[in-house]
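S.K.: Below are the chains, spelled out letter by letter.
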Amino acid sequence: MMRAAPSPEEARRHNLGTLLRHIHLRGAASRAELAEGMGLNRSTIMALTGELTAAGVVREELPREVRRRAGRPSLVVRPESTRVYVLAFDIGVDRLVAARVGLGGVILERRESARPRGPFDPDEVVGALASFTRQLVRRADRDAVCVGAGAAFSGIVRSADGMLRYGPNLGATDVSLGDALSRRLGLGVSVAIGNDANLGALAEHRRGVGVGCNDLIYLHGDVGIGGGIIVGGRLLGGADGYGGEVGHMVVNPGGRRCGCGSRGCLEAEVGEDALLARAGQVAAGRIGRDAVRAVVDAADRGDAVARDALCRTGDWLGLGVANLVNIFNPAMVVFGGTLRDIYLGSAAQVRSRLATHGLAAPRERVKLRTAELGDDTTLIGAAELAFSEVLNDPLEVLGRLRAASSGT
Amino acid sequence: MSVTPVLDLRGVGKSFGPVQVLHDVALSAYAGEVTALVGDNGAGKSTLVKCLGGVWPMDRGEYLFEGRPVRVGSPREAAELGIEIVHQDLALCENLDIVQNMFLGREWRNGLVLDEAAMEELAIRALTGLSVRTIKSVRQPVSGLSGGQRQSVAIARAMLWDAKVVVLDEPTAALGVAQTQQVLEVVRRLADKGRAVVLISHNMNDVFAVADRICALYLGRTVAQVKASEVTYSQVVELITSGRMDGLDGSGAVAGRNGTGRLREAGRG
Numbered sequence: 001m002m003r004a005a006p007s008p009e010e011a012r013r014h015n016l017g018t019l020l021r022h023i024h025l026r027g028a029a030s031r032a033e034l035a036e037g038m039g040l041n042r043s044t045i046m047a048l049t050g051e052l053t054a055a056g057v058v059r060e061e062l063p064r065e066v067r068r069r070a071g072r073p074s075l076v077v078r079p080e081s082t083r084v085y086v087l088a089f090d091i092g093v094d095r096l097v098a099a100r101v102g103l104g105g106v107i108l109e110r111r112e113s114a115r116p117r118g119p120f121d122p123d124e125v126v127g128a129l130a131s132f133t134r135q136l137v138r139r140a141d142r143d144a145v146c147v148g149a150g151a152a153f154s155g156i157v158r159s160a161d162g163m164l165r166y167g168p169n170l171g172a173t174d175v176s177l178g179d180a181l182s183r184r185l186g187l188g189v190s191v192a193i194g195n196d197a198n199l200g201a202l203a204e205h206r207r208g209v210g211v212g213c214n215d216l217i218y219l220h221g222d223v224g225i226g227g228g229i230i231v232g233g234r235l236l237g238g239a240d241g242y243g244g245e246v247g248h249m250v251v252n253p254g255g256r257r258c259g260c261g262s263r264g265c266l267e268a269e270v271g272e273d274a275l276l277a278r279a280g281q282v283a284a285g286r287i288g289r290d291a292v293r294a295v296v297d298a299a300d301r302g303d304a305v306a307r308d309a310l311c312r313t314g315d316w317l318g319l320g321v322a323n324l325v326n327i328f329n330p331a332m333v334v335f336g337g338t339l340r341d342i343y344l345g346s347a348a349q350v351r352s353r354l355a356t357h358g359l360a361a362p363r364e365r366v367k368l369r370t371a372e373l374g375d376d377t378t379l380i381g382a383a384e385l386a387f388s389e390v391l392n393d394p395l396e397v398l399g400r401l402r403a404a405s406s407g408t
Numbered sequence: 001m002s003v004t005p006v007l008d009l010r011g012v013g014k015s016f017g018p019v020q021v022l023h024d025v026a027l028s029a030y031a032g033e034v035t036a037l038v039g040d041n042g043a044g045k046s047t048l049v050k051c052l053g054g055v056w057p058m059d060r061g062e063y064l065f066e067g068r069p070v071r072v073g074s075p076r077e078a079a080e081l082g083i084e085i086v087h088q089d090l091a092l093c094e095n096l097d098i099v100q101n102m103f104l105g106r107e108w109r110n111g112l113v114l115d116e117a118a119m120e121e122l123a124i125r126a127l128t129g130l131s132v133r134t135i136k137s138v139r140q141p142v143s144g145l146s147g148g149q150r151q152s153v154a155i156a157r158a159m160l161w162d163a164k165v166v167v168l169d170e171p172t173a174a175l176g177v178a179q180t181q182q183v184l185e186v187v188r189r190l191a192d193k194g195r196a197v198v199l200i201s202h203n204m205n206d207v208f209a210v211a212d213r214i215c216a217l218y219l220g221r222t223v224a225q226v227k228a229s230e231v232t233y234s235q236v237v238e239l240i241t242s243g244r245m246d247g248l249d250g251s252g253a254v255a256g257r258n259g260t261g262r263l264r265e266a267g268r269g
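Heads up: the protein sequence lines correspond to chains P and D, in order.
Going by full-length UniProt numbering, 257 is the number at position 257 of the first sequence; the sequence numbering is gapless.
Going by full-length UniProt numbering, 114 is the number at position 114 of the second sequence; the sequence numbering is gapless.
Next up, chain P with everything else stripped away, as it sits in the complex (with noise of 0.2 Å):
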């Protein structure tokens, strides 16, 4: 069935989440760069912006800077990060983080805590990030809206209705937290799940150091390792939304034992337990990211112990990437979480195994990175996800969540 033309106001929409995405992604831009960028004439980006200024997500300036050119200076369009943001959570193993980030991923405040080892309990996580919430919420202008809520996972998730199938390092099986979270929070917005490691490749892929590059992959370190495939700009997600566990990949079958019941995952050979194993933590007790980058440090001033589970560790490492290569042919492999100091430390031998184990074409241009986005990568992600309805149709979900509020 041929499909219609899209009516005027489908159109109108349209562009109004296209000049709202620019605006969150690229920063403040005048007037004449959003024609250019969007291919529309400067009356259609007058009357766009008007309507985003009249329902206070953006706002018209003048240009900061003086400018020595001649003419009048076309008025600069700022998103209005204070007024208008969203919710975003950060469910690792060993900490959780909720922060208020404003439109155009700025931080405005964050919670962080530490969260003991030990059985993952839903009821305690949701009690900790809607009490981190009500801090949150109350310290915002008294106008600004929040307009959605992530939420990221280390765990597989399943994309049809953010079911938690399964958090090995979190012990967690089936749960519905994304509903749980939404109705305590009662801030008439569905907090959205995903996997960490696929918001942290979004997160780069939009706003970190992978701008422009639309093959990539993101490897994150966490207790475990998670991955995050983007193929042609788009997250790979598979039938249900669990592509891209790349730390299930058996590189060393009857290798150390997985948390996931299998031997020698990448996850299994690189994680952090192998990692603390090898360099002998494991008996004094020390864990989390924290061990990790001790022994990092430990390696690089010449502990021969540290040293050599630091090598080891990066072999696998290399192993695993030069498998990825071969199979995506990425453009670039990003280093997160405990990854990028594993890989910073171990990049010789990473890049070794690459050199050797990966096909000679898909390894020629690949571009080995750290991330960009530092520890907040995958928070941001999940912000990133939070803020995808609002730049879908910023009007309508703007309109109807103020006029929630005001029926309050």
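Take the hints with a grain of salt, since some may be wrong.
Claimed, not checked - Below, simulated DSSO-like cross-link-like pairs (lysine-lysine); rule was C-alpha separation at most 27 Å, straight line:
{"hint": "1", "chain 1": "D", "residue 1": "K164", "chain 2": "D", "residue 2": "K50"}
{"hint": "2", "chain 1": "D", "residue 1": "K136", "chain 2": "D", "residue 2": "K193"}
{"hint": "3", "chain 1": "D", "residue 1": "K193", "chain 2": "P", "residue 2": "K367"}
{"hint": "4", "chain 1": "P", "residue 1": "K367", "chain 2": "D", "residue 2": "K164"}
{"hint": "5", "chain 1": "D", "residue 1": "K193", "chain 2": "D", "residue 2": "K164"}
{"hint": "6", "chain 1": "D", "residue 1": "K50", "chain 2": "D", "residue 2": "K193"}
Rather than coming from a laboratory, the hints here were simulated on the basis of the structure.
Please arrange chain D on chain P, whose structure you already have, making use of the hints.
M.R.: Just chain D now, kept in the frame of chain P:
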């Protein structure tokens, strides 16, 4: 596909009296790439950097900048071409703040007075352009900065002057691991923003963390210029310590020959 290197030195020779330090050195650096210059102590790395920076004249050899033969007789001439060298001592003034250091000797004026606001804004932009987040204020004196922060300021200074080639002499020597990591990321970003970066380092791990190409010197000769994706750690160590490399087929690097130092480069372009 062949790309013209921004900086291309060929057949460089340099003697100090009876001591010939550089025999036959070649070094090519490409825009957007980090070229690591590696070699043992006494291989000639520092001498080469001084020659390319115009501190010492070369006795022999070709110096091509963006494909054109040039003569670089002084550091000022190197800077005018767009070559910035960040020396190990960084050449920062302890008592001056970050902005003053970045514009030292090249201050912006607005009429008779210095244009402080504009300089400050540019300094901030140079630092944020390299995602240097640990520096809170550009008005603090350099004496209060850590080693890694100083290195970042020195690199941002090169960025500020729109250098086409930035040469970094052992930028991570004497830094702790956290600062080394930050500096490596800054070095990588500098190249990703289009500069040709030459990184001198003894640390093979740092080299592999950021380099696109590796140029190995051995006793005053370039013994290989290879793509970092084509070689392993042990091959590079072998090049540095013995000047030879086994285990590479014809597509790999071949040692420099016959005066021009022109090399067959692995998978060029």
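S.K.: Next step is simple, just say for each hint if it's right about the structure.
M.R.: The hints, checked one at a time:
For a cut-off of 27 Å, the pair hint linking K164 of chain D to K50 of chain D stands: about 17 Å separates their Cα positions. Proximity of K136 of chain D to K193 of chain D is assessed by CA-CA distance (about 23 Å); at most 27 Å being required, the pair is judged to hold. For the suggested pair K193 of chain D and K367 of chain P, the alpha carbons sit about 14 Å apart, so the restraint of at most 27 Å is met. Our distance criterion of 27 Å between C-alpha atoms is met by K367 of chain P and K164 of chain D, whose separation comes to about 21 Å.
Simply put, K193 of chain D and K164 of chain D have alpha-carbon atoms about 10 Å apart, close enough for the 27 Å limit, and the pair holds. Proposed proximity of K50 of chain D and K193 of chain D is supported: the alpha carbons are some 25 Å apart, at most 27 Å.
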